[in-house]
Amino acid sequence: MSLTKIQSIPYGKEVIKIKNISLAFGGVKALTDVSFEVKKGEVFAIIGPNGAGKSSMLNVINGFYKPTSGQINFAGEDRKEMIPEFAAKSGIARTFQNIALFKGMSTLDNLMTGRLLKQKQNFLMQALYFGPVQKEEAYHRDKVERVIDFLDLQAIRRTPVGSLPYGLQKRVELGRALAMEPEILLLDEPMAGMNVEEKQDMSRFVLTANDEFKTTIVLIEHDMSVVMDISDRIVVLDYGKKIGEGKPSEILKNKAVIDAYLGVAD
Amino acid sequence: MIYKETGQFKSTYESDHSIFPLIQDKIAFNILMLVAFLVVPFFIDSYWEKAILIPFLIYSMAAIGLNILTGYCGQVSLGTGGFMAVGAFATYKIMTFFPELNIMIIVLLSGVITAFVGILFGLPSLRIKGFYLAVATLASQFFIIWLFNKVPWFYNYSDTGQITVSERTMFGVAVTGANAPPYATYLFCLILVIILGFAAKNMIRSKIGRSWMAIRDMDIAAEIIGVPPLKTKLSAFAISSFYIGIAGSLYFAVYLGALEVTESFDIMAISFPVLFMIIIGGLGSMLGSFLGAAFIVLLPIFLKNVMVDLIGLSAVTAKHFEITIWGLLMVVFLILEPHGLARLWSIAKEKLRKWPFPY
Numbered sequence: 001m002s003l004t005k006i007q008s009i010p011y012g013k014e015v016i017k018i019k020n021i022s023l024a025f026g027g028v029k030a031l032t033d034v035s036f037e038v039k040k041g042e043v044f045a046i047i048g049p050n051g052a053g054k055s056s057m058l059n060v061i062n063g064f065y066k067p068t069s070g071q072i073n074f075a076g077e078d079r080k081e082m083i084p085e086f087a088a089k090s091g092i093a094r095t096f097q098n099i100a101l102f103k104g105m106s107t108l109d110n111l112m113t114g115r116l117l118k119q120k121q122n123f124l125m126q127a128l129y130f131g132p133v134q135k136e137e138a139y140h141r142d143k144v145e146r147v148i149d150f151l152d153l154q155a156i157r158r159t160p161v162g163s164l165p166y167g168l169q170k171r172v173e174l175g176r177a178l179a180m181e182p183e184i185l186l187l188d189e190p191m192a193g194m195n196v197e198e199k200q201d202m203s204r205f206v207l208t209a210n211d212e213f214k215t216t217i218v219l220i221e222h223d224m225s226v227v228m229d230i231s232d233r234i235v236v237l238d239y240g241k242k243i244g245e246g247k248p249s250e251i252l253k254n255k256a257v258i259d260a261y262l263g264v265a266d
Numbered sequence: 001m002i003y004k005e006t007g008q009f010k011s012t013y014e015s016d017h018s019i020f021p022l023i024q025d026k027i028a029f030n031i032l033m034l035v036a037f038l039v040v041p042f043f044i045d046s047y048w049e050k051a052i053l054i055p056f057l058i059y060s061m062a063a064i065g066l067n068i069l070t071g072y073c074g075q076v077s078l079g080t081g082g083f084m085a086v087g088a089f090a091t092y093k094i095m096t097f098f099p100e101l102n103i104m105i106i107v108l109l110s111g112v113i114t115a116f117v118g119i120l121f122g123l124p125s126l127r128i129k130g131f132y133l134a135v136a137t138l139a140s141q142f143f144i145i146w147l148f149n150k151v152p153w154f155y156n157y158s159d160t161g162q163i164t165v166s167e168r169t170m171f172g173v174a175v176t177g178a179n180a181p182p183y184a185t186y187l188f189c190l191i192l193v194i195i196l197g198f199a200a201k202n203m204i205r206s207k208i209g210r211s212w213m214a215i216r217d218m219d220i221a222a223e224i225i226g227v228p229p230l231k232t233k234l235s236a237f238a239i240s241s242f243y244i245g246i247a248g249s250l251y252f253a254v255y256l257g258a259l260e261v262t263e264s265f266d267i268m269a270i271s272f273p274v275l276f277m278i279i280i281g282g283l284g285s286m287l288g289s290f291l292g293a294a295f296i297v298l299l300p301i302f303l304k305n306v307m308v309d310l311i312g313l314s315a316v317t318a319k320h321f322e323i324t325i326w327g328l329l330m331v332v333f334l335i336l337e338p339h340g341l342a343r344l345w346s347i348a349k350e351k352l353r354k355w356p357f358p359y
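If you read the sequences in order, they're chains X and A.
Mapping to the numbering used here: the first sequence position 245 is 245, numbers consecutive.
Mapping to the numbering used here: the second sequence position 226 is 226, numbers consecutive.
There may be inaccurate statements among the hints.
As the list claims (entries may be wrong) - When the alpha-carbon atoms are kept at most 27 Å apart in a straight line, the in silico DSS-like pairs for lysine-lysine are as follows: (1) A/Lys349 x X/Lys103; (2) X/Lys120 x A/Lys231; (3) X/Lys103 x A/Lys351; (4) A/Lys231 x X/Lys89; (5) A/Lys349 x X/Lys135.
To be verified - DEER-style ranges, computed between Cβ atoms: (6) A/Phe116 x X/Pro160: 29 to 39 Å; (7) A/Phe272 x X/Thr68: 42 to 52 Å; (8) A/Ile128 x X/Gly193: 47 to 57 Å; (9) X/Leu128 x A/Ile2: 29 to 39 Å; (10) A/Trp355 x X/Gly193: 51 to 61 Å; (11) A/Leu287 x X/Lys120: 21 to 31 Å; (12) A/Trp48 x X/Leu128: 31 to 41 Å; (13) X/Asp142 x A/Ile128: 52 to 62 Å.
In short, the hints are calculated from the structure, not lab data.
All of these numbers come straight from a predicted model, not from anything done at the bench.
Cβ coordinates follow ideal geometry from the N, Cα and C atoms, glycine included.
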């Protein structure tokens with residue numbers, strides 16, 4: 001499965017098909033028989049109460065966990081063994097629930113790591129650092145500077161990310177994923193722990209990324225007002241099972257979803 | 001005022017990404033190079049050569065190597081002594097097999113051989129991290145020393161188990177052996193350190209360096225953005241061992257001339273001091289490798305001068321005090337400035353931006 005294959009899929013067609021995925025850790029069933037489809041170019045949300053298996057789902061999609069059973073069809077191709085490196089090569093980027101930045105490196109360097117897969121010079125050329133290497137560095141720097149402009153990170157370009165406040169770290173992490181120029185962007189609670197203004201900023205960035213770069217976005221989020229506002233379609237998980245799927249307006253009326261979130265009266 | 005960066009505009013990404021972005025740094029470096037190449041060689045005597053400059057250069061090389069592995073890639077290693085021994089014995093064996101080969105090529109080849117040994121001992125790093133990896137590299141240290149002791153082929157079946165360097169020349173001047181003039185050995189080491197130092201800095205500021213740091217800071221995230229952990233860690237082991245192997249080669253061929261493996265490459269003689277160098281100098285800093293090497297080389301000389309010559313203690317007592325002070329300084333350093341001399345320097349630079357008119 002290659003990057004070009006994803007790119008060849010027209011917008012609005014399915015790009016990821018999750019088919020009957022189950023995932024178990026010993027006796028603990030994290031996911032049971034979950035199926036859904038993500039269409040190219042949409043903002044797709046996965047919601048559900050704590051421990052519903054949302055993050056596990058993302059981990060399965062980008063090859064971090066191997067599903068116990070089921071198939072993932074990716075750009076029209078059933079995929080077999082998957083490791084994160086291949087996922088990255090086929091155009092999947094992600095952010096983490098607990099920020100997973102490179103804390104000792106500056107914002108700029110963190111974003112530059114997003115370009116690593118696209119840099120082709122070998123280490124001997126890098127050690128000599130002349131012509132082609134310099135050109136390549138400058139080319140990718142230019143790409144990264146666009147992301148920096150887009151996310152308003154100019155002022156913290158040289159700051160080690162470990163010393164940045166939480167909201168900015170979240171933004172840098174989004175920047176690193178965007179620097180990869182992904183076809184599919186998996187966001188694991190991008191707005192957790194933010195205040196309203198920060199959430200508005202983040203929503204704007206996510207929507208712009210979706211709109212301008214045509215990135216397909218799969219996101220997990222707990223803030224329902226955000227989810228209902230920005231997502232095109234939603235899937236709801238509870239105890240590892242899918243209990244609802246559809247447009248935000250449909251989900252709001254879904255009985256099973258309301259029961260899962262608010263409990264059932266006896 | 002001294003470090004004023006106002007008015008230094010960068011108009012290309014290339015110039016913004018250069019090794020010395022500030023004009024002041026560039027000037028300082030150029031002056032240092034002029035002194036090192038045009039002044040020092042005319043005044044160097046064998047005391048400065050053997051006691052200060054050559055050990056400083058060789059330890060700098062080893063510290064750069066270990067800093068690549070530990071400071072930049074985050075893989076703690078206690079096997080520096082072992083890898084330096086590999087470099088030394090590789091030099092010795094190449095010298096006996098190819099009597100005509102140029103010394104520069106011999107040294108570089110020894111580095112390459114050590115790089116392969118480094119890859120071999122780096123394999124466990126895929127599975128183990130931190131302290132456990134440190135113990136695994138410690139095993140490599142002991143294994144390598146044991147091997148060079150037990151297998152007589154490595155020391156050409158000599159009775160003492162010693163290896164001795166033969167005389168080799170560069171441009172008609174001996175750089176190894178007893179007759180090598182101080183300026184020749186000094187320049188030989190200096191050129192290697194400068195060229196390989198720049199190469200290391202270049203690697204660090206480009207793709208491979210960022211992969212190492214990504215693995216160091218958060219290996220899971222690195223994997224997810226497409227950095228292959230095994231390849232990256234092994235490349236760090238290989239390149240680090242290359243530098244350490246060259247340091248070992250120089251240590252044997254240029255510095256000592258003749259050595260016995262247990263004594264010269266013992267863990268207390270090499271592995272720990274080099275690790276202290278990068279900790280005191282600054283983990284993950286090129287400048288730190290040099291500062292740390294200078295500190296560790298100069299401190300005993302300084303202490304000896306003060307205690308024996310100034311205060312008049314006996315040499316034995318002074319030696320005891322030296323070890324105590326050394327340990328004490330180490331602890332104090334780790335508490336007060338865990339990021340090392342390189343950080344102190346960057347703080348000083350920050351102050352110098354405004355000094356002497358802070359407001």
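Verification of the hints:
1. A/Lys349 x X/Lys103: Since the Cα atoms of A/Lys349 and X/Lys103 sit roughly 23 Å apart, the hinted pair holds (cutoff 27 Å).
2. X/Lys120 x A/Lys231: 15 Å, holds
3. X/Lys103 x A/Lys351: With Cα atoms ~25 Å apart, X/Lys103 and A/Lys351 stay inside 27 Å; holds.
4. A/Lys231 x X/Lys89: 16 Å, holds
5. A/Lys349 x X/Lys135: 30 Å, violated
6. A/Phe116 x X/Pro160: 29 to 39 Å: 35 Å, holds
7. A/Phe272 x X/Thr68: 42 to 52 Å: Between A/Phe272 and X/Thr68, where Cβ atoms are some 48 Å apart, the hint holds.
8. A/Ile128 x X/Gly193: 47 to 57 Å: 33 Å, violated
9. X/Leu128 x A/Ile2: 29 to 39 Å: 33 Å, holds
10. A/Trp355 x X/Gly193: 51 to 61 Å: Since A/Trp355 and X/Gly193 have Cβ atoms about 41 Å apart, the given range 51 to 61 Å is violated.
11. A/Leu287 x X/Lys120: 21 to 31 Å: 30 Å, holds
12. A/Trp48 x X/Leu128: 31 to 41 Å: 32 Å Cβ-Cβ, so the 31 to 41 Å window holds.
13. X/Asp142 x A/Ile128: 52 to 62 Å: 40 Å, violated
Against the hints set out earlier in the document, violations occur for numbers 5, 8, 10 and 13.
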